[in-house]
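Chains as they are written, first to last, in the numbering used here: chain V, 11 to 369; chain E, 10 to 319; chain Y, 462 to 732.
Hints were generated in silico from the structure; no laboratory data involved. As the structure is a computational prediction, the values presented were derived from the model and not from experiment. By construction, the Cβ of each residue, glycine as well, lies at the ideal position given by its N, Cα and C atoms. Some hints here could point you the wrong way.
On the chain E side, residues computed to face chain Y include the following (Cβ under 10 Å) [stated by the list, open to error]:
hint : residue
1    : Leu-136
2    : Ser-144
3    : Val-161
4    : Val-162
5    : Asn-168
6    : Gly-170
7    : Ile-172
Chain by chain, the residues:
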Amino acid sequence: MIHGPPGPATQIATTAPVLRIGAVSKRFGATTVLENCSLEVSEQEIVTLLGPSGCGKTTLLRCVAGFWNVDSGSIEIDGYDMAAVPVNRRPVGVVFQSYALFPHLSVLKNVGYALRMSGMAKSEASDRVAKALETVSLTGFEDRYPAQLSGGQQQRVAIARVLVMEPRVLLLDEPFNALDAKLRGAMQVELRQLIKRLGLTSIFVTHDQEEALTMSDRIAVMRAGQIEQVAPPDEIFDRPSTAYVADFIGTSSFWKAKAVAGEVTLPDGQTLKTELDGTVQVMARPHNLRLTEAGTGLWQGTVAFHRNVGALIEYHIETADGVTVKVAAMRQELARPLADSASVTLSVIDPALCAVYAD
Amino acid sequence: MANVTLPSVAARPGLGEFVLEKLLSGRGIWPAMPAILVLMVVAIIPFVILLSLGFSDIEVSRGAIVSRTFSLEYLTTALSDRLYWITFQRSLSLALSTTALCFLFGYPVAYLFLVGGRWTKRLILVLTIAPLLTSGIVRTYAWLVILGGRGVVNTTLINIGLIDQPLRIMNTQWAVLIGMVQIHLPVMILPLIAVMSRHDGNLIEVSQNLGASRLGTLRTVILPLSVPGIGTGSALVFTLSYTTFVVPQLLGGGNYLNAATMIYEQVVFSLEWSKGSVTSLILMVTCLVVLVSIALVSNHFTRWTRERDS
Amino acid sequence: MRSFRHTSFTDLLGIGLILAVAVFSLVLLVAPSIIVVIISFDTRAYVSFPPEGFTLRWYAAVFEKRELVEAMWTSLKVGLTVTVLCIVLGVPTALACVRGRFRGTTALSVFVLVPHMVPGIVLGVAVLFAGALVGVSPSIWLQSIAITVFVLAVMVRTVQSRLQRLDPALEEAAANLRATSFQSLRTVTFPLLLPAILAGAIFTFVEGFDNLSVAIFTHSFRDRPLPVELLALVQYTSTPLIAAVSGIQIVLAIAALVAVSMSIGLDTANE
Numbered sequence: 011m012i013h014g015p016p017g018p019a020t021q022i023a024t025t026a027p028v029l030r031i032g033a034v035s036k037r038f039g040a041t042t043v044l045e046n047c048s049l050e051v052s053e054q055e056i057v058t059l060l061g062p063s064g065c066g067k068t069t070l071l072r073c074v075a076g077f078w079n080v081d082s083g084s085i086e087i088d089g090y091d092m093a094a095v096p097v098n099r100r101p102v103g104v105v106f107q108s109y110a111l112f113p114h115l116s117v118l119k120n121v122g123y124a125l126r127m128s129g130m131a132k133s134e135a136s137d138r139v140a141k142a143l144e145t146v147s148l149t150g151f152e153d154r155y156p157a158q159l160s161g162g163q164q165q166r167v168a169i170a171r172v173l174v175m176e177p178r179v180l181l182l183d184e185p186f187n188a189l190d191a192k193l194r195g196a197m198q199v200e201l202r203q204l205i206k207r208l209g210l211t212s213i214f215v216t217h218d219q220e221e222a223l224t225m226s227d228r229i230a231v232m233r234a235g236q237i238e239q240v241a242p243p244d245e246i247f248d249r250p251s252t253a254y255v256a257d258f259i260g261t262s263s264f265w266k267a268k269a270v271a272g273e274v275t276l277p278d279g280q281t282l283k284t285e286l287d288g289t290v291q292v293m294a295r296p297h298n299l300r301l302t303e304a305g306t307g308l309w310q311g312t313v314a315f316h317r318n319v320g321a322l323i324e325y326h327i328e329t330a331d332g333v334t335v336k337v338a339a340m341r342q343e344l345a346r347p348l349a350d351s352a353s354v355t356l357s358v359i360d361p362a363l364c365a366v367y368a369d
Numbered sequence: 010m011a012n013v014t015l016p017s018v019a020a021r022p023g024l025g026e027f028v029l030e031k032l033l034s035g036r037g038i039w040p041a042m043p044a045i046l047v048l049m050v051v052a053i054i055p056f057v058i059l060l061s062l063g064f065s066d067i068e069v070s071r072g073a074i075v076s077r078t079f080s081l082e083y084l085t086t087a088l089s090d091r092l093y094w095i096t097f098q099r100s101l102s103l104a105l106s107t108t109a110l111c112f113l114f115g116y117p118v119a120y121l122f123l124v125g126g127r128w129t130k131r132l133i134l135v136l137t138i139a140p141l142l143t144s145g146i147v148r149t150y151a152w153l154v155i156l157g158g159r160g161v162v163n164t165t166l167i168n169i170g171l172i173d174q175p176l177r178i179m180n181t182q183w184a185v186l187i188g189m190v191q192i193h194l195p196v197m198i199l200p201l202i203a204v205m206s207r208h209d210g211n212l213i214e215v216s217q218n219l220g221a222s223r224l225g226t227l228r229t230v231i232l233p234l235s236v237p238g239i240g241t242g243s244a245l246v247f248t249l250s251y252t253t254f255v256v257p258q259l260l261g262g263g264n265y266l267n268a269a270t271m272i273y274e275q276v277v278f279s280l281e282w283s284k285g286s287v288t289s290l291i292l293m294v295t296c297l298v299v300l301v302s303i304a305l306v307s308n309h310f311t312r313w314t315r316e317r318d319s
Numbered sequence: 462m463r464s465f466r467h468t469s470f471t472d473l474l475g476i477g478l479i480l481a482v483a484v485f486s487l488v489l490l491v492a493p494s495i496i497v498v499i500i501s502f503d504t505r506a507y508v509s510f511p512p513e514g515f516t517l518r519w520y521a522a523v524f525e526k527r528e529l530v531e532a533m534w535t536s537l538k539v540g541l542t543v544t545v546l547c548i549v550l551g552v553p554t555a556l557a558c559v560r561g562r563f564r565g566t567t568a569l570s571v572f573v574l575v576p577h578m579v580p581g582i583v584l585g586v587a588v589l590f591a592g593a594l595v596g597v598s599p600s601i602w603l604q605s606i607a608i609t610v611f612v613l614a615v616m617v618r619t620v621q622s623r624l625q626r627l628d629p630a631l632e633e634a635a636a637n638l639r640a641t642s643f644q645s646l647r648t649v650t651f652p653l654l655l656p657a658i659l660a661g662a663i664f665t666f667v668e669g670f671d672n673l674s675v676a677i678f679t680h681s682f683r684d685r686p687l688p689v690e691l692l693a694l695v696q697y698t699s700t701p702l703i704a705a706v707s708g709i710q711i712v713l714a715i716a717a718l719v720a721v722s723m724s725i726g727l728d729t730a731n732e
């Protein structure tokens, strides 16, 4: 999957994946941290590992980087098995959450570190360093020290530091955590553009779904050591394959229903086809539900509270069976925001956009 | 790996680098092996030997041990000797009073550090650390000068006319006590400061905000939180004052015998090594008993730090 | 110390008392040294207070007295040996304690601490006896190694605490950036540990130089360290000579403090 023109990396686009994680499992003592994880990352693709703390996303990243060994399964880069390759020989570049800039070295020495360690000639090394600094727009900062840089600048130094190695895979561990919220959005867009421009294959780790939705070509949603779904952002958002993914990404409302003869009846009377049978969970996104003041209809509820989300108002409606349903309404649709405990009628806009999961 | 665009690692690591790498960077215990070895040879084994000597009858000739036979004699003699009991009692009471006085004089300094400004803190640190960088003899000598017959105290008192004859302070237990307390004050203060600084400065403000007086804050907030520091400081001061040899020797005169001076006399002068060994063992055991008690008391008052058993 | 509300009289009195004691203690800490330094300039050949006149002759006399100068050299040698040994033995041990991935890391820390917790005289006696058993007699070396064992814990603990506060990601980053373990240690870990090593070095040097409790048992008659020499001198010298020695030590101590506070700050050293 290639987006945009091939970057300066001298690899010709092939169908073979750059990184293949094959059925990787890892245990720490009695706890299984990764279970049977498989993932393929193609040339110039940005994949994000998304999940809550403890789901194993950072562990998987660290296994790819080589900091930890896997108990079973394999990790291959360009077809070469990484099992016997130590950390300092793997063609990956890691950007840490804390950036891990060497505080006692200047920006110049930080960025040139990898080249010094591998014995590159000084002239060639300084050229590479200059180019890397230019790429991240930090030319002129060579003599500063990490402590004198802002959070955003530190992140850029961390990136330049791995760029000089021309790694096959870029690994980033929650790189925006240390920045304040306002800066985050701009940096995310900027970083994605930079990675695309350079044509780098990258893996991000984050617990922030918005970050994942912004940065990725594909998202791998993880839970308890397993990968639940890997798909492009739109697909994950519109067609989450499990209730967990649906709940984790975007806002969703769940309620129980009964599937009879291949059909589920929604609370407002419409029907939806499904292959499941018996008790099921139905999921709907807020923008797929409509509410009208009072009125008649099968699906009634009262407003519990509302909040503003950008251009929309999100209402939390309590229905008769005690389920809370979230509905998004455009601000212009209603004369004024509905008060708490007002009565409303709910309906599904497009049944096909609802998802049905086994209970 | 043909597709790695970096030049490979420059040179093959030489044998020296290989050994150093194994030694220094190994994830195992190897880096610590030299230290462990040295500690075993120079500390652990000698301790065992010391133990065994306390239970042996040995002959020393020209600084080397010539013969050795097992005997409980020295231990039993020591335990029944009245002189031993008196001496250890004296050492113990000296050490305990020193510890108590160091606490009484030292805690206020730590409190001042806590509430003081930047320069106060700096001053306290300088005045507390500087003495530790000078030798114990130098600091003891100062008291010789001050408490002597023609020392500061006496000449000043005579000059003011309060007394006619110089007071005999030197070579008494009081001189020893005064010297001990002053010399070991820094050792009590520093751990207190270290522990008290670690806590959130806001706690004091919160306490006062909630209506406590300064004394109340001290009693209910600062004091309990500083217990680990008190424990460490007391343990250190006790050990030092229990086993210090210089101060009693110089300020107490030849007649003042305490455990440490007794050991010195037995081992270096009268060459009664088995006796010296037994005395050392008794010293260590009694010291350990007190230290464990301090630890237990300290633990009792810091129950709140114990994490929930998960 | 702003007051938030009316403080009662007893409160002020109590706190005032405590602060008064604090000030008194501080004065108590420093007064003896000041008095000694004043006396060291006394022109009279006996120790008395207040002093008469001003002279530097006692300081000159210190350096003219052969035994004192030799003792100072010996102590210097011992101090340096102890410091070097503590660095060479202690830093790798701290590395093993913190970064080691074996089960006994806490046990190792405690093990190193044991000789330090034992009274110095007991250690000195033990080493003397053990030496006698194998035929090693007291010497500069015995003294140095005994004191090293005694204070190794200080170096280990200082380096250990600094190492624990070091972001482990730094060493991982170095590894990712093509550094071998040795290179990572040399270029990242050691430079960042240097302040702690220096702080530890100061204390181990001072202990090696000034230690008496271990030294009295392990020194040889010919190479007497300064504390032992001073002990003998104090008992029969009545001139301000010793006061001059004290004065020198005090000046050196202050100089060392100034150096430390300028390089790494006193608060870090206190940790």
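The hints, checked one at a time:
Annotation: interface hint on Leu-136(E) holds; nearest CB of chain Y at approximately 5 Å, less than 10 Å. Because the closest C-beta pair between Ser-144(E) and chain Y is about 4 Å apart, less than 10 Å, the hint holds. At about 4 Å, the closest approach between the beta carbon of Val-161(E) and any beta carbon in chain Y falls short of 10 Å, and the interface hint on this residue holds. Interface restraint check for Val-162(E): the shortest CB-CB distance to chain Y comes to about 9 Å, inside 10 Å, so the restraint holds.
Hint status for Asn-168(E): holds, given a least beta-carbon distance of 9 Å to chain Y, under 10 Å. With 10 Å as the threshold, the beta carbon of Gly-170(E) stays out of range of chain Y, its nearest partner Cβ sitting at about 16 Å, so the hint is violated. Evaluation of the Ile-172(E) hint against chain Y yields a violated restraint, the C-beta minimum of about 15 Å exceeding 10 Å.
Hints 6 and 7, counting from the list given before, are not met by this structure.
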